[in-house]
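With chain A fixed as given, assemble chain B onto it according to the hints.
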Amino acid sequence: MEFNGLLTIVTFLPLLGSLLLLLFPKKWAGWIKWTALGFTALNLIISIFIWTQFKTSVPGFQLIDKVPWVESVGITYFFGVDGMSMLMLFLTTLLSFVACLASFNIDHRNKEYYSLFLLLETGLIGVFVSLDLVLFYVFWELVLVPMYFLIGIWGGPRKLYASIKFFIYTLVGSLFMLVGVLAIYFASGQNTFSIPQLIETSANLRGWALGLPVFGALFLGFAIKVPSFPFHTWLPDAHVEAPAPISILLAGVLLKMGGYGLIRIGVGIMPYAATWWADIIGILGVIGIVYGAFCSLVQKDLKKLVAYTSVNHMGFVLLAVAAFLKTGAVAALQGAVLVMFNHGITTGLLFLLVGYIYDRTHTREIAKLPGMASIIPIISIMLIIASFASIGLPALAGFVSEFLSMTAAYQAVNWWAWVSVVGMIINGGVMLWMMQRVLFGTVADPHFKELRDASFREFFAATPLLGFIFFIGIFPMPLLNMIQHAITTLPTLPIV
Amino acid sequence: MEHTVASLAGSWTLTSILAVLTMAFPLLGFIIVGLCGKIAKEWGPKLATVTIFLSLITSIVVLGLVIANGPAPTVSFVWLQSGNLTLDFGFRVDQLCAMMLCVVTLVSFLVHLFSQDYMHGDPGIARFYAELQLFTTAMLGVVTASNLLQLFAFWELVGLCSYLLIGFWFHKRSAYQAAKKAFFVTKVGDMGLFTGIVMCFILSNPHTLSLEALPSALASLAPALLIIIPLLIFMGAMGKSAQFPLHVWLPNAMEGPTPVSALIHAATMVAAGIYLVARCMGLFTLDPSGTALKVVTYVGSFTAIFAATIATVQDDIKKVLAYSTISQLGYMVMALGFGKFGYTAALFHLMTHAMFKGLLFLGSGSVIHATHTQNMHEMGGLFKKMPITAWTFILGSLALAGLFPFAGFWSKDAILVGAEATHSTIPLILALITAFLTPYYMTRCVWLTFFGKPRKENHAHEASWRTTLPLIILAVLSVVIGFVGAPFFGELFQRFIFFHEFESEAVNWTLIFGSTGLVLAGIFLGLAIYAWGWFKKETLIRILKPLYLFFKNKWFVDEAWTFIAVKPLFYLSEFCHWFDRTVIDGAVNGVAWLSVILGNIVYWFDAGIVDGLVNLAGYLTVKVSELVKWFDENVIDGAVNGVAALTGFIGSKVRKVQTGYLPNYATIMFASIALVLILVAWFAVLN
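One line per chain: the protein sequences are A and B, in this order.
The first sequence runs 1 to 496 under our numbering.
The second sequence runs 1 to 687 under our numbering.
Quick caveat, the hints were computed from the structure, so don't treat them as lab data.
Since we're looking at a predicted model, the values are computed, not measured.
Glycine included, C-beta positions come from ideal geometry on N, C-alpha and C.
There's no promise every hint is true.
Unchecked claim - Partial chain A-side listing against chain B, Cβ under 10 Å, derived:
| # | residue |
| --- | --- |
| 1 | I168 |
| 2 | L171 |
| 3 | T233 |
| 4 | Q299 |
| 5 | V330 |
| 6 | E365 |
| 7 | I366 |
| 8 | A373 |
| 9 | W433 |
| 10 | Q436 |
| 11 | F448 |
For reference, chain A alone in the conformation it holds in the complex (with noise of 0.2 Å):
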């Protein structure tokens, strides 16, 4: 038994805030509000305070709180962090922390929505830390029934068509998740849920007969999370419904899900599997970047646009893996988790600006938004630096793991990177497009000629999300390190 307790502190804090909101009053509005954004800063500053902690040098994952709990079938309660999920770890607080503020303004039955809010991030959380399959598990399930409520609540027109869609759909993903996990478990015979010591007899679990299904059925709960083509269509419904803070981090962060859990479980306790699904995986990514950056191009909702550059950006997290699958170059991991690093910062912007148009205007509609450039030209600022991350300018976050992951594509199998090119000029024209139809131009809206720019609030929201975009271009070393160490935990790949 090892406790070091950090991670048990910044996994369950947020849950504390949660029932501790409870016990408000309801017309407590302002003392709610300020005690859940209270809550994600605490738990922002200790996450920062555990990378201060975290020792890359040191291989292995660290920072361990571990706990005999069900012994009888080998399930224990355990923490611990390495250079992936540290990073994860501390993207959710950030985002968690950004989406807080940006909440301010949802006055509707807030008690319960902020009480939602912090249930939520402890889920996003422990998905992150835990190292126990049934723990694991436990999170990731716990994830969707706050979700399903901000949606569904919180969320637009067709709030429950979204909800219910997104419920269902990945409820089916994680069940299949859940009979792979066993099938693991069973498969091992080693009376143990635990993550590492899965890993490290990742080796026993070869052979065709047991590979393909269950690394199918682990990988189908992934793909659905991730999203990967085909599987995405669930993606732009929920957050076109979703709250702008909500999609913040349901694109920031609850995506990142699926690609940490094909990257933890997938090639880490199935390595073997894992390569014969590469070139599978490969080109389910591929379609992803060219498909996705095809749809968004045409799209007419704002929100609906950047949903779809999700899938593009999400096809390079698959990319990436497979890539690394097939190669086991350090720059391919490196790739694929700063490509979800990044995404969740720049998408989260996105999104965070997109809310604050919404905010002013009550449209997402592009052909109805022209001219903010003039009209709020903070926000239009902040949207062009977005766009342009997310485009991949150099300098910005989005270049380096983009260059990163085309190289190991490269390495990989030439023709992926080829054709990738083409949804990385599509993304470029659908940005471009997206500015000029949003920014430029005379203002479509008499009404709109009076709107207020970003407030302090809102401004402030931002800025930690713009500071990493230019910190990742500019230095990229500092988080590389990070996801390098990564590779200390994974087994050594069967690269055929």
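Just chain B, lined up with the frame of chain A:
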């Protein structure tokens, strides 16, 4: 948390420190003016001009140092490390870089100065200057970069600035559309370059992107790859340097403020493509078949004549200059394709072109500022009103036309010599035709603008020294700068910048006289039509109608692009969207729908059969129960009741015995005793 300690390769020399300072000044200016925004309206432009002036001085010093000491050792830091892949960030200051530093900072400084008046009173003037500063920084970054990825990073940043500056008046529909078009079209080329860089990185042995080390690291590749990689890099150059068919963005880019056109879309940024190919010349010459270089030559020479024909029929003064720029860039690209025979000539032309094209654009800006129109047919007669502008513009035109002894003559001549030396007949012919067309359209342009009667009322007058000084400086340079590369003056330029080794070509008098004859013929034709009216313009148009329309419509390239690429792209996108909504999401919804149907079937089964059975069982149970009940009630209970009834009957009968009358009891008692006694006696007898 640890960071890799940046390891430093090479040591700092005064030259590289000054080169970095050259970049640092405008960067500082960008940060200050950019952050202050509207507050910097008054002092921002002045501050920006000062920073560029400082850059100009340092870059001249750098040039002097490089001339004196030769190239400075490359200074580099590790920027990114991943496994066995390492990427540097470094500065390489050699002859080519030093020359480019001077060209960029000089034109940039003059444009900064010129814009003080030109942009005066524009509400976005601070933004304008901030973007100019960022552009200059990025452009200097391109020329100092020591590796391809770093070059690419600044290259993209240059593209971003171009985007922002073309769309500077973003409320104008044509402006923001032009900006988008410019960024997107160059992006297409840039993605080729990007892929080329990725390939270089992966295929080089050892993995490197250093411009110095790449040629030898790639030397052992398969021949096919040695053709593909340079051509991918060339795609980037085609986008930025507006080569056919990626030139379509440049004419539209004239929507930006005119000083921007001068700096970015004439003198510096569009030359970045030439610079890139020159920098990577070592990769282009790796290909033993020379295919890559041939493609470069043909693209360039075709672009040169193609754009020149269009320039002859433009009405907008800036459009004439824009097509002329494309044509001249084509010249340079063609020269690059001659390999070591054209390398120096291309860079020489790049430098002279920067001077006279910068001048012409600024001159046109001065005219546009005074007349408030860009249409040459609405100008005329400006010579007297704006003598400085007119004189400088004429000098610039002569330099562009390539008349002896102006700057353009020497650099053009060097290119023609290269064509001759490599026996490239077709490119040479195309180049000579272009050499005839150029003086023609420039004569037309000058005449329509400055001479004849004013065709529209205007109150044109010369602006302040801030406008005219840059014109004068550039005009002087346009006249004299060619001498640095003239064969009669020791070919200083060629001895300074060359590829591998310097080779002096013999003076080719045929070419000199031939091309001068063509220039004079072009000028003569222009004057004959526009000044002396020997041929009526309308008649000419009528006779050459198909050709005229073909040129007027710019060879229908834009239409072709729309038809071949843009439309299909949108159709494909619409299709993908439709496919996504109907097929994929349809499948998802279909699964849901099927589930509902299946649910109904199962429910029917459940309700009808399973539950039916249950109900039947229940019914039967009830029936059985009823039967049992009947049996119970009638048989079992009957028996019970029968017993009970019998007992009751007996009781009722027996009850009558109980009368409560003593003599009766006594009688019964005695009778009973008697009966018992009789029975006892009876049994006794039997035994």
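(message) Taking the earlier hints as the rules, which of them does this structure contradict?
(response) 2, 6, 7 and 11
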